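Fit chain B to the known structure of chain A by using the hints.
Spelled out, the chains give:
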Amino acid sequence: MIEGGRAALELVRQSRVAAADCARALGFERLVDDVELLTTELVTNAVLHGGGLERFHLRVLERGVRIEVADRSPSTPVVVHMSEDAGTGRGLVLVSHLAERWGIERAADGKVVWAEITGNIGDRPPIVFDIEDPWAEEQLVHIELGEVPTDLLVGAKAQVDTLIRELTLISVGGAPLPPHLSELIDTVAHRFTEGRQALKAQASRAVHDAAPVTKLALDLPTSAAEEAGEYLVAMEELDSYCRAKRLTTLASPPRHALFRRWYIHETIAQLRAAAEGKPPPPLEPFETRLLGEVERIADVQVVADRTARLYTVARALAAAGTPEAVADAVLHEGVAALGASAAGLLLASHADRLVLPGAVGYDEEVVNRLRTESRNAELPAAVALRTGEAIWLESRHDRDGRFPQLIGFEPRTVALCAVPLIVQGRRLGALRFSFDETRLFDDSERDFVLALADQTAQALARAQLQAERIEVSQRLQRSLLPPELPVIPGLDVAARYHPFGEGVEVGGDFYDLWPVGPNRWALAVGDATGTGPEAAALTALVRHSLRALTLTEQRPERVLASLNSLLLASGLEYERFCTAVLGFVSINGGVTIELSNAGHPYAWLRHPDGRVEEIEVDGSLLGVIDEPEFAARSFTLEPGAQLVLFTDGVVEARHDDLFFGTSGVSRVLQSAPAGAEAAAAMLEQAVLDHIGGAPTDDMAIVVLETVEEGRG
Amino acid sequence: MAGMTDLSTLVLAGELDVAVAQDLRERLDQRIASAPAATIVVDLEDVTFLDSVILGVLVGAVHRARDVGGDLELVGVRPSVRRVFSITGVDGVITIHD
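Chains as they are written, first to last, in the working numbering: chain A, 18 to 729; chain B, 543 to 640.
So here's chain A without its partners, still in its complex pose (with noise of 0.2 Å):
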């Protein structure tokens, strides 16, 4: 830093102003004008790079004056033929141009920089002189750096002077830096110049001989590690601070930050096996740094891409709703980002032997072989399901040592992970993947396979959670509906249901159909409101209430005025209203029926001809008012006519806008073949048909269908 900042700077213009006075005084005036460039260019050097100003000579020779100036530093500057729009490094061309000699010595605390000027000018080339060694007492070591790209040093050695120049002028402008800043700054400027200066001088050599490349070669201390590394950590910091500030034409591009990380490590370790007295450790050439440099980028865009698949993944194990489909999701996205030859889910199950819900890449008969693993096999699944152990074979030498049995097992396989699939703490299964090759798995690979595991292992739970539901939805659903359907002489009946939401919701949609005396059936179609236990409850409560209530109540409207006021009366806390289509079926010579409805949609009658009709009759929703109303039909099934009863789950099933509606309904029937069965398949393949997909509502339907006397 510039000591006494402008105070400091005005030194400049003193010394210029002296200097010039005494060269007029003693007669040289024609030299005025060099004079006061030259002191003006020793003196700002003195300042701004030679730690501050120690003395100022103006010496008279026979014909012309010397300039001694005194500064702080030991480090010797040099002239470079840097390129012509340079921003700095002009001070000592204009010295080595003007003066008739000059140099630099050695002195106490720092060094003198003079030179001497006459009249004897002419246009000379820049003259480097020899420089005075300032560590000609202490054994150097000589570091060989290798080829470096000349236009690399030239620009590099730029943008750190660039760098200093810039932030001293901002300091000493009057913007005071942080004081970490300024020690930063000092740093950089006054320390390892050694090493600097000398890779400049031999930059500008190869500049000045148009050598593309420059061959680097240090004499340095052993001290000089020390404020290697000093330079180096102040440099980076210095670096981060024109970035975080927007500095942005300040901060080392990175191939001038790469190559200073890598000459200050050479020097470094060079130096310190020296201090040791031990022989220098192998170079490591700057192109093998920069080669590096490319894989390790590489490898950056290598682990994004993980990243990336592992989002994929993710998302595509978030619908994964079995083993099979984790499997899928989770494998092939593995192996691609592996660069694996095959992988295999493996599972817990209650038996000894493990379940292999996917594979991909094994041969048949490794498939085979998975799917036969013992729990307790000495093979890597099993252990790794065993012990929660991840296990990392890298080599063929690994494989064989660790997992004998391997050999036969998979015998193509070099190298196997093997990753145990652990949620809170319960083994679930383990996932394995296969390698053609040696492998060596590094932290970020691990990582990955580590990653993929746990998503695995939490899809898993997921997938189980899910199949325990649907089970337990599909046995209470079961529970609801009759286990089968009575036989009735004279009469062909099927029944049809289909759950929604691939029956992991229980459905409010019911039907049965029970004997209610001799010759004497009732028959219920009904949905009650909701899904999930509390329509569960409700459907259960109906269903058996009417069971009870036609044991003694004969009309059909009573029985459901009488089932209203029980769902009135019930106190179920939640909405518990349901409509109901329900019918008395007489068989006496002949099929006669007595219906009545709730809020239901209608039935229909298919006359044997095909003639097709809705039986209209009306009545109130259950469970909602205290004076209900219900109408009551009766007529007389023909042989060879069918009733059909369904829920809405039919009627307003629909594709985008479009419903099934009545005339879907109206549509079917008219052609719906004979038999109870294959008109109620017929109905429920042309609803579905319809959706084109998951139906969005339960669907019941029933058909009943005389036969003539002697069927059925």
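In short, the hints are calculated from the structure, not lab data. Computed from a predicted structure; not experimentally measured. Idealized CB from N, CA, C, for every residue including glycine. None of the hints are false.
Pair by pair, the computed Cβ-Cβ distance ranges are:
1. A:47 / B:577: 41 to 47 Å
2. B:577 / A:322: 45 to 51 Å
3. A:320 / B:556: 55 to 61 Å
4. B:552 / A:164: 43 to 49 Å
5. B:611 / A:72: 46 to 52 Å
6. A:459 / B:615: 56 to 62 Å
7. A:47 / B:569: 32 to 38 Å
Partial pick of chain A residues on the chain B-facing surface, computed with a CB cut under 10 Å:
8. 53
9. 115
10. 182
11. 187
The following block gives chain B in isolation, referenced to the frame of chain A:
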């Protein structure tokens, strides 16, 4: 016409060295920022002295001006000052009008 000349001309005077370098750099940057595509004319008629630090500031400003589509040119350069530009080769970088 005169007004426009005033806007793009920066008149400097006296002895220019490290003491004024930061100030000069800021003033040049302000000019570049306020009229990026313009050519800034720096009048050195009354400049009696100029050193390598100022050369560095001028070269830096030329680069920044050209980066944004402008330029920087010098007028009124007296011989003693002109010599500094020619020794260092900077006269090949900055346009100097006689």
